[in-house]
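Q: Sequence:
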Amino acid sequence: MIGKIYYIANLKSEIHTPGTFGEFVNWFSRQKSYQLDIETNGTNDSWWNEIKIISIQFGSCTSDRVQWFLQWSELTDIQKGIVKKLLEDDKKQKLIHNAAYEYIVFRFHDIILENVYDTMLAEKVLMGGLENENYALSDISYKYLRILMDKSLQLSFADNIMTDAKITYGITDVAYLDVIRSIQLMDARVKNLINVISLENDAVLAFSDITYNGMYLDKEK
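Residue numbering for the sequence shown is 2 to 222, as defined by the numbering used here.
Each hint should be verified, as a subset may be incorrect.
Said to hold, decoys possible - Lysine-lysine pairs mimicking DSSO-like chemistry, simulated, CA-CA at most 30 Å apart:
| hint | residue 1 | residue 2 |
| --- | --- | --- |
| 1 | LYS144 | LYS167 |
| 2 | LYS81 | LYS125 |
| 3 | LYS144 | LYS85 |
| 4 | LYS92 | LYS33 |
| 5 | LYS81 | LYS93 |
| 6 | LYS33 | LYS222 |
Rather than coming from a laboratory, the hints here were simulated on the basis of the structure.
Model the full assembly from the supplied sequences, consistent with the hints where possible.
A: Put into C-alpha cells, the structure is as follows:
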C-alpha cells in the first residue's frame, strides 16, 4: 500500500518520494500557476453526483518540474479544507485538460475553481472548432511533444488502492500541460486567437455551472 501523499521531482525516474502535507502547502505557496488533474471513481455511465475524487495531482510550471500526488480520499477533513482553500485561490492560474470535468466534479465536492486555462478548449479554438475525437490529452501530447501516454489505468482508481503505476499515471497528466500551453499560445498569437481562448476559458466555467445547477425547461413547449 502506497502512502497517502507523494511527490516526484523527475517523472522519468519513476521513483516516488514520500512528502508531508506541510511540504505540499509550502510548495503550493510558491507557485504562480500550476497544472491540475484529478482521478475519480467515475465511468462514462456515472451520474455527476456519484463521482468521487480519489486523488488530486498538482504539477509545477517552473524548471523544478515537481509533481504532487494527493490521495484525496484519505486526507483528513482539516487537510481537505486546506486544499479547498488553496484550489479556490483565483490569483493562481490552473492548467487543466478538459476543465469542465474537473470543475463540475469539484463543485459536487464544494470546491469552486476560477482562473483556468483549458488545453483542450484552446486546441479546439486553434482547430477552428472542428469536432473530432483527437482532443484527448494523449492525442495532444503526441501531436506537440511526440509523447505517448498510456491511458489504460484511467478507470482503475475506484478501488482506492494506490500503486506506483497509478501514481506515475496520475502525475503524467500534470507534467506537460504548461509546455503544451506555451506552444498553443505561440500559434494563437499568429492566428490572433488569444482573446478567443481567454473568452472560452471564462465561458467553460459558466456552462459548467449550468450543468451543475441544472436548467428549468417548459415541458409543454
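Q: Give a verdict on every hint.
A: Each hint tested on the structure:
1. LYS144 x LYS167: Holds. LYS144 to LYS167 sits at ~24 Å (cutoff 30 Å).
2. LYS81 x LYS125: Violated: LYS81 and LYS125 sit about 33 Å apart, past 30 Å.
3. LYS144 x LYS85: violated (34 Å)
4. LYS92 x LYS33: holds (8 Å)
5. LYS81 x LYS93: holds (19 Å)
6. LYS33 x LYS222: violated (49 Å)
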